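The primary structure of each chain is shown beneath.
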Amino acid sequence: DAGVIQSPRHEVTEMGQEVTLRCKPISGHNSLFWYRQTMMRGLELLIYFNNNVPIDDSGMPEDRFSAKMPNASFSTLKIQPSEPRDSAVYFCASTIAGSANTIYFGEGSWLTVV
Amino acid sequence: AQSVAQPEDQVKVAEGNPLTVKCTYSVSGNPYLFWYVQYPNRGLQFLLKYITGDNLVKGSYGFEAEFNKSQTSFHLKKPSALVSDSALYFCAVRTYYGNNRLAFGKGNQVVVIP
Numbered sequence: 001d002a003g004v005i006q007s008p009r010h011e012v013t014e015m016g017q018e019v020t021l022r023c024k025p026i027s028g029h030n031s032l033f034w035y036r037q038t039m040m041r042g043l044e045l046l047i048y049f050n051n052n053v054p055i056d057d058s059g060m061p062e063d064r065f066s067a068k069m070p071n072a073s074f075s076t077l078k079i080q081p082s083e084p085r086d087s088a089v090y091f092c093a094s095t096i097a098g099s100a101n102t103i104y105f106g107e108g109s110w111l112t113v114v
Numbered sequence: 115a116q117s118v119a120q121p122e123d124q125v126k127v128a129e130g131n132p133l134t135v136k137c138t139y140s141v142s143g144n145p146y147l148f149w150y151v152q153y154p155n156r157g158l159q160f161l162l163k164y165i166t167g168d169n170l171v172k173g174s175y176g177f178e179a180e181f182n183k184s185q186t187s188f189h190l191k192k193p194s195a196l197v198s199d200s201a202l203y204f205c206a207v208r209t210y211y212g213n214n215r216l217a218f219g220k221g222n223q224v225v226v227i228p
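Quick mapping for you: the protein sequence lines, in order, are chains A and B. Quick note: the first sequence uses our numbering, first residue 1, plus one each step. Quick note: the second sequence uses our numbering, first residue 115, plus one each step.
Quick caveat, the hints were computed from the structure, so don't treat them as lab data. Be aware that a few hints might be false.
No farther apart than 35 Å at their CA atoms in a straight line, the calculated lysine-lysine pairs in the DSBU-like style are these [what the hints assert, rightly or not]:
(1) B:126 <-> B:191
(2) B:136 <-> B:126
(3) B:172 <-> B:126
(4) B:126 <-> B:183
(5) B:220 <-> B:136
(6) B:136 <-> A:24
(7) A:68 <-> B:126
(8) A:78 <-> A:24
(9) B:220 <-> B:183
(10) B:172 <-> B:220
(11) B:172 <-> B:183
(12) B:172 <-> B:191
(13) B:191 <-> B:136
(14) B:172 <-> B:136
(15) B:191 <-> A:24
(16) A:78 <-> B:191
(17) B:220 <-> A:78
(18) B:126 <-> A:78
Chain A residues, not near chain B, derived (Cβ > 12 Å throughout) [unchecked claim]:
(19) 9
(20) 19
(21) 20
(22) 106
The structure displayed is predicted, hence computed values, not measured ones. Where is the CB? At the ideal position from N, CA and C, for every residue including glycine.
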């Protein structure tokens with residue numbers, strides 16, 4: 001079975017450029033999460049969706065970050081404009097809504113902003 | 115608010131020896147507890163979870179974890195560690211009332227010495 005699919009796997013971009021990260025959740029899953037991982041801050045939840053609706057975006061760092069889920073099989077995380085401090089690994093994860101259900105992670109998008 | 119503590123930064127163990135990675139949690143209500151493993155340059159992989167029932171939970175790769183309600187702990191164990199178990203291990207907790215959020219600990223780096 002296909003897991004959570006993220007693209008690109010690696011991206012190097014210049015400060016000020018727009019970055020778009022993409023995610024395809026596991027088929028049948030109706031909750032989707034975006035996490036960011038850095039050495040300093042560990043794993044941070046940025047935003048999550050239930051049934052394509054953003055439920056909690058309190059972890060989104062600032063207005064430069066935005067996330068959308070136009071349908072059940074696709075989500076994007078956009079950073080505009082990007083800054084060097086945005087360099088991190090961004091993970092998308094999905095599950096069937098319900099606290100006892102396992103959340104499954106993608107392989108991550110490794111972003112470097114120079 | 116729900117939270118998880120992983121008190122040790124690094125756990126070193128010789129190959130063949132027992133491995134224990136510690137986790138304590140704080141929640142309101144009954145916890146759902148999870149362990150994930152992250153190998154270098156990879157996403158988080160689900161190992162095991164406790165929802166209800168038997169306090170000893172068995173998971174992937176020979177790992178198990180014991181839920182202890184009185185000590186609010188969920189330590190991960192493996193009877194005989196392998197060099198290939200060297201990775202970053204995350205404990206996480208959700209609750210029925212947790213609004214679907216999965217709260218992660220900071221992670222423990224496990225180093226298995228040949």
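Hints, verified against the model:
| no. | hint | verdict |
| --- | --- | --- |
| 1 | B:126 <-> B:191 | holds, 13 Å |
| 2 | B:136 <-> B:126 | holds, 13 Å |
| 3 | B:172 <-> B:126 | holds, 22 Å |
| 4 | B:126 <-> B:183 | holds, 27 Å |
| 5 | B:220 <-> B:136 | holds, 12 Å |
| 6 | B:136 <-> A:24 | holds, 33 Å |
| 7 | A:68 <-> B:126 | violated, 42 Å |
| 8 | A:78 <-> A:24 | holds, 15 Å |
| 9 | B:220 <-> B:183 | holds, 21 Å |
| 10 | B:172 <-> B:220 | holds, 23 Å |
| 11 | B:172 <-> B:183 | holds, 17 Å |
| 12 | B:172 <-> B:191 | holds, 10 Å |
| 13 | B:191 <-> B:136 | holds, 9 Å |
| 14 | B:172 <-> B:136 | holds, 16 Å |
| 15 | B:191 <-> A:24 | holds, 33 Å |
| 16 | A:78 <-> B:191 | violated, 39 Å |
| 17 | B:220 <-> A:78 | holds, 25 Å |
| 18 | B:126 <-> A:78 | violated, 39 Å |
| 19 | 9 | violated, 10 Å |
| 20 | 19 | holds, 19 Å |
| 21 | 20 | holds, 19 Å |
| 22 | 106 | violated, 5 Å |
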